[in-house]
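Under the working numbering, the first residue of the sequence shown carries the number 20, and numbering increases by one thereafter.
Quick caveat, the hints were computed from the structure, so don't treat them as lab data. Just so you know, not all the hints are guaranteed correct.
Cut-off 25 Å, straight-line C-alpha distance, at most; resulting in silico cross-link-like pairs (BS3-like, lysine-lysine) [stated by the list, open to error]:
#1 K182 <-> K249
#2 K249 <-> K236
#3 K182 <-> K236
#4 K182 <-> K142
Using C-beta positions, here's what the derived DEER-type ranges look like [as the list claims (entries may be wrong)]:
#5 N80 <-> S231: 34 to 42 Å
#6 S113 <-> Y234: 41 to 49 Å
#7 L181 <-> E128: 16 to 24 Å
#8 G245 <-> E101: 40 to 48 Å
#9 S231 <-> K207: 44 to 52 Å
#10 S69 <-> R200: 17 to 25 Å
#11 P97 <-> K207: 21 to 29 Å
Computed from a prediction, not measured in an experiment: that's the story for all the values here. The beta carbon of each residue, even a glycine, is placed where N, CA and C say it ideally should be.
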Amino acid sequence: MAAAAAATATLPLRGQVAIVTGSSHGIGRAIAVHLALLGTKVVINYTSNSAQADAVVAEINSSFPNAAVSVRADVSDPASVESLFDAAESVFDSPVHVLVNSAGVMDAEHFSIADTPAEEFDKIFSVNTRGKFLCCREAANRLRRGGGGRIILLSSSLVAALKPNFGAYTASKAAVETMARVLAKELKGTGITVNCVAPGPIATDLFFAGRSEEYVKSVVEACPLGRLGKTDDVAPVVGFLASDGGEWVNGQVIPVNGGFV
20 MAAAAAATAT LPLRGQVAIV TGSSHGIGRA IAVHLALLGT KVVINYTSNS AQADAVVAEI
80 NSSFPNAAVS VRADVSDPAS VESLFDAAES VFDSPVHVLV NSAGVMDAEH FSIADTPAEE
140 FDKIFSVNTR GKFLCCREAA NRLRRGGGGR IILLSSSLVA ALKPNFGAYT ASKAAVETMA
200 RVLAKELKGT GITVNCVAPG PIATDLFFAG RSEEYVKSVV EACPLGRLGK TDDVAPVVGF
260 LASDGGEWVN GQVIPVNGGF V
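Working from the sequences, and respecting the hints, build out all of it.
So this is what it looks like as structure tokens:
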């Protein structure tokens, strides 16, 4: 990371503050590290694994001292989301400029809609949809006005693929995409943009959980680029949307899937 930082000639997001939910691992972690490379002060949000979150903070701060902190918050709880924004503003003495909502869960077993337990549906929607709603609501009231405010939500290319046995998960992400488009219009006049990034199959623990080697092979074969995506394939797209260059992109869903869908 230090070498990458040294090679970075400019820091287009210098002085900005970003909250990245679910950033102790996986795609969220890669996004947080990338935003730090662009000059952002970053809040690493986690729910349970403080050691993972602290490791991300240490990695960022080794190259950019005092540029990252970890904050525990359950995105499905309104008071916890409010405290997350409070902590970001307090630690960095600044309004939040960027919210990246990466926190998400997927059912360990892949049920048909006919066989999906209600409690499994509720668990998925609690984090993937309610969590993003609560974070969006807080961001809509607290992000910096007048230009540069960015809300970026992680969706999924499964919304476009409509594959069987992912009904609850896909529905939770489809709701997020609709919410993002509506919120982009509601924030007219604030200078805040709202977009979704929809990754395809990405090589993370979330993707591999409960999946056979044969299944993974079939996904790779279905991708025109012949591989799973990497977290570093997603992070630069989020970085672009957070930057001045992404200002004219608003209310959109950006697929990042190697042509998988």
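message: Range first: 44 to 52 Å. Now tell me if the beta carbons of S231 and K207 are that far apart.
response: holds, 47 Å
query: Is 41 to 49 Å a correct range for the gap between the Cβ atoms of S113 and Y234?
result: At roughly 45 Å between Cβ atoms, Y234 and S113 fall inside 41 to 49 Å, so the hint holds.
query: CB of L181 to CB of E128, is that within 16 to 24 Å?
result: Roughly 19 Å apart at Cβ, these two residues keep to the hinted range, so it holds.
query: Using the C-beta atoms of S69 and R200, is the stated range 17 to 25 Å upheld?
result: violated, 35 Å
- prompt: Does K182 pair with K142 here, judged by a C-alpha cut-off of 25 Å?
  reply: Cα-Cα ~20 Å, so holds.
- prompt: For the pair N80 and S231, does the Cβ-Cβ distance stay inside 34 to 42 Å?
  reply: Hint holds: Cβ distance 39 Å, inside 34 to 42 Å.
query: Given the proposed pairing of K182 with K236, does the C-alpha separation stay at or below 25 Å?
result: Holds. K182 to K236 sits at ~16 Å (cutoff 25 Å).
message: Can you tell me whether the CB distance of P97 to K207 sits inside 21 to 29 Å?
response: holds, 25 Å
- request: Evaluate the given range 40 to 48 Å for the C-beta pair formed by G245 and E101.
  value: The hinted range 40 to 48 Å holds for G245 and E101, with Cβ atoms some 45 Å apart.
query: Would the pair K182 and K249 pass a check requiring their Cα atoms to be no farther apart than 25 Å?
result: holds, 21 Å
- prompt: Does the alpha-carbon distance linking K249 and K236 stay inside the 25 Å limit?
  reply: holds, 16 Å
When held up to the earlier numbered hints, the structure conflicts with hint 10 and nothing else.
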